[in-house]
Amino acid sequence: MSDSRPAWSNQFTADVLRELRSFGPLALISREWAWGEARGAGVRVAVIDSGVEHDHPWLGDCVKGGVIVEYDARRKESVKILDDPKPRDLFGHGTACAGIIHKLAPDAEIYSVRVLGKDLTGRAFQFAGGLRWAIENGMNVMNLSLSTSKQEYYGLFHELADDAYFKNVLLVSAVNNIPAPSYPSLYSSVISVAAHEGHDPFTYYYNPAPPVEFGAPGIDVEVAWADSNKTTCTGNSFAAPHLAGISTLIRGKHPELTPFQIKTVLYACASNVTREGGQGTGDG
Amino acid sequence: MNETTSTSTLAAQLQELVRAVEATGAALLPSSNDELLQTIVEAAARIFGAAAASIALVDERAGELVFRVAYGVGSETVVGMRIGLDQGVAGYVANTGQPIALSNVQNDPRFARAAAEKTGYVPKSILAMPLIVEDRVIGVMEVLDKISAPSFGMQDMELLGLFARQAAIAIHQSQQLDALNHAFLENVRALVSPETAVDIQRALGTGDAAQYDDVMELARLFQTIALLGNAERKMCLKILETFRAYATKTG
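These protein sequences, in sequence, are chains A and B. Per my numbering: the first sequence ends with 284, consecutive numbering throughout. Per my numbering: the second sequence ends with 535, consecutive numbering throughout.
The following block holds chain B by itself, in its conformation from the complex:
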């Protein structure tokens, strides 16, 4: 085998790996992690009888909190909004890793008042909980305006802690996967010389690409099925298992 052939084989293998990583990622995690986070804030808002809920993530480099998902009053304008880590109740919680409950927060203009007014919504009561992964605060989850009571209590604090744990795990997993993908692709780039990298690019757009599209489609299907009930999943497993047995025999 000459050098050119072995390089192109390597390129093909790497290409396959990249596709496999993408497909596996899609199969293992919801297509967008935000979907899961959205479900968590919505569930939290409903359980607490709160008018709104949100999750903001820490951007350490910028020294800011970025609102990732929101539910309820003002949610359309909240997502994507940034506030300084040295501001407001959420900033305090991100700084200390300690949850806090406040009411009559209208009296506190620094509760990112300007930001809250941008959304046209200034809450009366707020419960803010840190999202913690391995002793590190990665974000803050907030529920606003408990409808049945003037303020959030210690029991609410404990309960929101459970939601926050779920959210923290989901965010952490997604960040891990991103980091893994990034490291993998960087390594691939380091392995292959610039000329070969061009070959890979070309190869990605042609040839067996359809085969990987199928894999991606399968992954998406799995993902949808995984969200269905237990019985549906079992049935799918049975069908797939039967097909595998048949295909291995005839193949």
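In isolation and in its complexed conformation, chain A is listed as follows:
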């Protein structure tokens, strides 16, 4: 029953999913053009999460380093950044996201930005500090499974999202699993993602009535987990890395594209968008 689903994934069920068309020059964008043959080489992806287990068997040697962001009230930025050359994962969630990205874009470099831990007091500052580090340290794509619903941080995260856009860093963010405002997923330059029920990693949908713009697999997804394990997970936070992976492929093949241009390519190639002239997008 679609009416008993969480509001966010409502938009991607078969009965309400809107069939859309791409037209004019947009209809020339095919999956083949967008990411055909691409493997994400040369793209640096930051996973802002619980850490990434660098030697997990599902990750090959894609994890190239990372940082741990700790809350430190005495500092101006309220955080302390510690180098983490061989990252570990506290929970398994960051490793799960990295595994999905690596599966889609096997040649991309993944960096762990750990912003979680035992101390809950400065969580939003750690999260913001992680974003800031990734923007300033040459990351091209960021996967955010986290968000804040605190209105007081609206400005802080908006500034970071704009900064990321102007520095050509693409933010891909899971929306809250509970229908509530969440930042930075609500900002226009961010690719916001909720879960749909499918399992094909390249099947994703565009929603023309945001705030949630994209739907990707996030229900019963088999993922990597801490301590060389795997598990099956459900949540919007497993949908986001699918779009992060596809965006990484696009970025790798077309390094000149800006975040809004990548979003346009994603729209044109979405599974519910038919190209003018009758061709579907699943031609890649």
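Simulated from the structure, these hints should not be mistaken for lab results. Quick caveat, the model's predicted, so the values are computed rather than measured. Treat the hints with care, as some may be off.
Straight-line C-alpha distance at most 27 Å; calculated DSSO-like pairs for lysine-lysine [stated by the list, open to error]:
(1) K103(A) with K518(B)
(2) K150(A) with K167(A)
(3) K230(A) with K408(B)
(4) K408(B) with K118(A)
Based on these hints, arrange chain B on the given structure of chain A.
Same frame as chain A, but now just chain B:
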């Protein structure tokens, strides 16, 4: 009125206030908030067809989660148990404020495996939901092992969200009341000099104490009645109202 008399009057008034606060607290809230939380986890476990359910509260200072109530398999050993906020599925949920559903969690030794093994019970599927009050995560509610299916889905996630909201409100109210009581008593202590405080202590143990015991007894009765049906409550109200009318006339 000399100073000693006015001080002892003040002491008596304060004493009365303390008693009134205690009585009101007992009348407004279940005798133990845990009772309500226990009902919530039990209802959740039954509705989801889950083998077990629990609520753990965040202890920010210790950086830990403390299991407050539990229902089902392993519940006797779970209550009172502590796990680090940097551990397990519950820790992740407390950290992010995001619910998550996992299955085949046996593959995840960090799912507080050691703790789960202490209870002799390692679940196969788990759904963990944050308890949120004003954008702050105050705890985590978990349901374990859905009996009818291998995993919990998005619909389960939404439904558990409703239970979690109830639990969060109950916990928040109880914490508020505790804080209020604490602030009140602290203020009383600050108002009264140490010598007077001794007087209050003495006064509490003697004199009109019986009168307040009655109030407490009444409060307990109200509480029991409030848990009965609508008709019973209405009837009690009628009886009390009649008694009040009679007492005011004759008094």
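Cross-check of the supplied hints:
| no. | hint | in the structure |
| --- | --- | --- |
| 1 | K103(A) with K518(B) | violated (64 Å) |
| 2 | K150(A) with K167(A) | holds (26 Å) |
| 3 | K230(A) with K408(B) | holds (13 Å) |
| 4 | K408(B) with K118(A) | holds (26 Å) |
Checked against the numbered hints listed earlier, the structure breaks hint 1 alone; every other hint is satisfied.
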